[in-house]
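One-letter residues, chain by chain:
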Amino acid sequence: MTVMVSADRIRKSYGRLPVLNGVSLEIKAGEVCCLLGPSGAGKSTFLRCVNHLESVDGGQLIVDGEIIGYRERAGKLFEMRGQDIARQRASIGMVFQHFNLYPHMTAEQNVSLAQVAVHKKGKAEARFRSRELLERVGLGSKAGKYPRQLSGGEQQRVAIARALAISPKLILFDEPTSALDPELVGEVLETIRAVAAEGITMMVVTHEIGFAREVADRVVFMDGGVVVEQGPPSQVLDAPAHPRTRAFLERVL
Amino acid sequence: MSSERSTDLAPQMKPGNIAALPETRRVVALRHPGRWASAVVVIGFLLWFANVLVTTEAFEWDVVSSYLFNPLVLNGVLQTLEMTAIVLVIGMVAGTIIAIMRLSPNVVLHSVAHFYQWFFRGTPPLVQLIFWFNLASVFPRFELTLFDHTFFSISTNTIMTPFVSALLGLGLPLSAYYSEIVRAGILAVDEGQWEAASAYALTPFQTLRHIVLPQAMRVIIPPTGNEAIGTLKFTSLATIVSFTELLHTVSTIYNTNFQTIPLLIVAALWYLFLTSVLSIGQYFLEQRFAKGSKRAVKQPLISKFWSNVLGQVKTA
Ligand SMILES: Nc1ncnc2c1ncn2[C@@H]1O[C@H](COP(=O)(O)OP(=O)(O)OP(=O)(O)O)[C@@H](O)[C@H]1O
Ligand SMILES: [Mg+2]
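Each protein sequence line maps, in turn, to chains S and G. Mapping the first sequence onto our numbering, position 114 (from 1) lands on 114, and the numbers just tick up by one. Our numbering runs 253 ahead of the 1-based position in the second sequence.
It should be emphasised that the hints constitute simulated quantities derived from the structure, not laboratory data. Hints may contain errors.
Said to hold, decoys possible - Simulated restraints, written as ranges between beta carbons of each label pair:
no.: 1; chain 1: G; residue 1: 456; chain 2: S; residue 2: 28; range: 39 to 47 angstroms
no.: 2; chain 1: S; residue 1: 74; chain 2: G; residue 2: 362; range: 41 to 49 angstroms
no.: 3; chain 1: S; residue 1: 8; chain 2: G; residue 2: 397; range: 51 to 59 angstroms
no.: 4; chain 1: G; residue 1: 544; chain 2: S; residue 2: 72; range: 42 to 50 angstroms
no.: 5; chain 1: G; residue 1: 514; chain 2: S; residue 2: 123; range: 57 to 65 angstroms
no.: 6; chain 1: S; residue 1: 26; chain 2: G; residue 2: 537; range: 51 to 59 angstroms
no.: 7; chain 1: S; residue 1: 210; chain 2: G; residue 2: 364; range: 50 to 58 angstroms
no.: 8; chain 1: S; residue 1: 72; chain 2: G; residue 2: 389; range: 58 to 66 angstroms
no.: 9; chain 1: S; residue 1: 120; chain 2: G; residue 2: 505; range: 34 to 42 angstroms
no.: 10; chain 1: S; residue 1: 30; chain 2: G; residue 2: 433; range: 50 to 58 angstroms
no.: 11; chain 1: G; residue 1: 403; chain 2: S; residue 2: 71; range: 46 to 54 angstroms
Being a predicted model, the structure only gives us computed values, none of them experimental. We treat Cβ as the ideally placed atom computed from N, Cα and C, and that holds for glycine.
Put together the whole structure using the sequences plus the hints.
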């Protein structure tokens, strides 16, 4: 299997606060990788480095064979121009904790926008695909609704359809269910599970241990800006080797 | 008192159905004697005011009505409208550009925009207007000369007509004000929107156009209505450079026939009419950009009135 994401000693600080202290990680194509860890561990920051929403201070990130956000020349890494970064991002979907849907657009327009503006699809074709995707996340009848007319779970499912619409090779999820009422968590996890079953590579930051155990091919436990432990869920979740992992799991379970 | 109303209860509320439900009681809305008293006072005041309007000879309503649709006056109205429209376009386009420049991470763009705002907001429009009109005394000619070849050369006075100097004198300060309105609107849009847009590879321009500006519009439009109305009134400043807008037109007329007050009333009535039309426009714009929002836009009374009038004209 080919490698989809490879992070090599990623470092990043905000001012003088070090947040990532050398994160190394490899995710194969088609794998679902769940990132766990206590608050402030740097999970979101790492995820945002993967599509260069954050620049890195050191190390390198490769997605599908390309260094993200930088170009290598004469042994140095030069930050890319906006349009090159945009080209790389065009095949990476992202689902946010607070959905970040466009509130002035209907569900269908939300799903269509990037298809038309970035991927240069015709309007009719984009609309057709958007309907199809909304159907797939169980919102076929809500295509004309504005985000505010939808429940949190429905909004997040629209956001997942928006991510699928660009035919991504990788989807990043940052705590997709943390902002939801408990009774809505299930429907969103169910949707993510269905996407995972199709073989799209996914990185999911989550606090849902049960979901990670069931869906993840690999569980990565982060703390203090480093990967403390990683492996298949049966190993990391059921027989953690590291005391910090054990302490964390005891707290959340 | 309450027992006689118990027959109104819905079937499931009948005492037999659910035991020990409290019986309904008659409700009496809060009375507002103060409102009545103040209404009487205000109505009395209005009657007195109407009486003054009708009986004061100096208003000369017959003169007002004979000049209201005078061709010269109508032409003045047209010129005022034209100037308002162009000044608004200049102000809004330049203002939006300045706002975007001020939000730019580029220090040069940012500083230039800041300087522009500082200068054009800090000097009175009237001073700027007179300055532009007298530009010829600073630069008598505009010339472009390269390698001893003059591409064009034009007298400044040919360019700086009263119309153009008024456009600049009103349009540039408006753009400086307007840029702050646009900037506030852009800043009011949730940062997550920028984040989502850049994660989905939209260019900064596409992000502004499809995502940020449409949302900023909700914040931008109400003060834009104010600025439009202000601009309409400020066009009267152009009378100083003899541009034949509404005020200049009526003052030319009253300088010959000395009917100063009635002609000023003519001008005031037209200004009132035009500003009312603008506020209707504002209502429709607000509605258009309220898409996806829970809070519906309430139609203001004055615009309700005018759209009723317009509706009746249309159906007639
Ligand atoms: N834009 C920023 N500026 C400064 N500090 C930041 C910024 N974003 C995050 N941080 C800090 O970086 C650290 C890691 O943040 P991050 O959001 O990556 O943690 P996390 O693992 O996602 O935690 P959580 O589970 O709470 O989301 C935190 O201490 C946070 O305060
Ligand atoms: Mg986080």
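A quick look at each hint next to the structure:
1. Look at residue 456 of chain G against residue 28 of chain S: about 32 angstroms separates their beta carbons, and that is not inside 39 to 47 angstroms.
2. For residue 74 of chain S paired with residue 362 of chain G, a C-beta distance near 31 angstroms fails the hint of 41 to 49 angstroms.
3. Between residue 8 of chain S and residue 397 of chain G the Cβ separation comes to about 57 angstroms, which falls inside the hinted range of 51 to 59 angstroms.
4. Residue 544 of chain G and residue 72 of chain S have their C-beta atoms about 46 angstroms apart, which keeps the hinted 42 to 50 angstroms range intact.
5. Remark: the range hint 57 to 65 angstroms for residue 514 of chain G to residue 123 of chain S is upheld by a beta-carbon distance near 59 angstroms.
6. In this structure, residue 26 of chain S and residue 537 of chain G meet the distance hint of 51 to 59 angstroms, their C-beta atoms being roughly 57 angstroms apart.
7. Roughly 54 angstroms separates the CB atoms of residue 210 of chain S and residue 364 of chain G, a value that falls within the hinted 50 to 58 angstroms.
8. Residue 72 of chain S and residue 389 of chain G have their C-beta atoms about 59 angstroms apart, which keeps the hinted 58 to 66 angstroms range intact.
9. Distance hint for residue 120 of chain S and residue 505 of chain G: a CB-CB separation of about 58 angstroms, inconsistent with the stated range 34 to 42 angstroms.
10. As the Cβ distance of residue 30 of chain S to residue 433 of chain G is approximately 51 angstroms, the hint placing it in 50 to 58 angstroms holds.
11. Taking 46 to 54 angstroms as the suggested C-beta distance range, the pair residue 403 of chain G and residue 71 of chain S conforms, at roughly 48 angstroms.
Going through the hint list in order, the structure does not satisfy hints 1, 2 and 9.
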